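**Q** Sequence:
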Amino acid sequence: MARGRGDYGRVLPTHHWQGSSVRQRLWRAARAWRPWALLAVLLGLWLWLDGALVEPPGLLAGTPERVQAPFHVCGRGRGPNCVVDGDTFRIGQRRIRLIGIDAPESHDPGCPQEAALAEQATLELQRLLNAGPFTLQGRRDGVRDQYGRELMVVTRTRPDGTPENVADQMIASGLAHRYIGFDGRGGWCAG
Numbered sequence: 001m002a003r004g005r006g007d008y009g010r011v012l013p014t015h016h017w018q019g020s021s022v023r024q025r026l027w028r029a030a031r032a033w034r035p036w037a038l039l040a041v042l043l044g045l046w047l048w049l050d051g052a053l054v055e056p057p058g059l060l061a062g063t064p065e066r067v068q069a070p071f072h073v074c075g076r077g078r079g080p081n082c083v084v085d086g087d088t089f090r091i092g093q094r095r096i097r098l099i100g101i102d103a104p105e106s107h108d109p110g111c112p113q114e115a116a117l118a119e120q121a122t123l124e125l126q127r128l129l130n131a132g133p134f135t136l137q138g139r140r141d142g143v144r145d146q147y148g149r150e151l152m153v154v155t156r157t158r159p160d161g162t163p164e165n166v167a168d169q170m171i172a173s174g175l176a177h178r179y180i181g182f183d184g185r186g187g188w189c190a191g
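The sequence shown begins at 1 in the working numbering and counts up one residue at a time.
Hints should not be assumed to be uniformly reliable.
[What the hints assert, rightly or not] Taking CB as the label site, the calculated pair distances span:
| # | residue 1 | residue 2 | range |
| --- | --- | --- | --- |
| 1 | R144 | C111 | 24 to 32 Å |
| 2 | G148 | G174 | 45 to 53 Å |
| 3 | A30 | R140 | 39 to 47 Å |
| 4 | G174 | G92 | 36 to 44 Å |
| 5 | S21 | R144 | 50 to 58 Å |
These are calculated hints, taken from the structure and not from any lab test. Treat the numbers as computed from the prediction; the structure is a model and nothing was measured. Even for Gly, the Cβ is constructed at its ideal location relative to N, Cα and C.
All chains should be built: construct the whole structure from the sequences, respecting the hints.
**A** See the structure below:
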């Protein structure tokens, strides 16, 4: 005797009578979240590429502070104004971190390539700071980073009167990445 679909005598696999398997439910959930994941990736790219995040309008405090002093690479016996690495420098006892960039780490680098790039970035920031007078402008809220450094935008006025941002120059040199709040460590090592 042939058994058909209406035959209730056969035993069905458990996924037929218990509902979907865990794997099927996860697959459906992943497909449902796919547009949201794409949106999150696109938003992240927009934030990473948006130059306004380097110094958002309205975020900076009042009067810029003018600085004209020689800078050396920090080390034993150096002057009060020195460059720590490609995104940090000192003026006297003050430690200042450039807003908007992340440079290779000179202290505890992830690989030899990062150490070499960190040395280049340090020298490039020293060159930029020594190129003439510049201004410092901090955040309106006075927030400091997790290491207690003042967060500042460093700008200089070109001979034609247009401002130039030192952080943008570091990015253009290839010795810094745009930084918007997540830890970019490890991005300097190949592989």
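**Q** All hints, please: hold or fail.
**A** Going through the hints against the structure:
1. In this structure, R144 and C111 meet the distance hint of 24 to 32 Å, their C-beta atoms being roughly 29 Å apart.
2. Here the CB-CB span from G148 to G174 is close to 29 Å, at odds with the stated 45 to 53 Å.
3. Taking 39 to 47 Å as the suggested C-beta distance range, the pair A30 and R140 conforms, at roughly 42 Å.
4. The hint said 36 to 44 Å for the Cβ distance between G174 and G92, and at roughly 31 Å that hint is violated.
5. Judged by the Cβ atoms, the range 50 to 58 Å given for S21 and R144 holds: they are separated by roughly 52 Å.
Comparing the model with each earlier hint shows violations of hints 2, 4; every other hint is respected.
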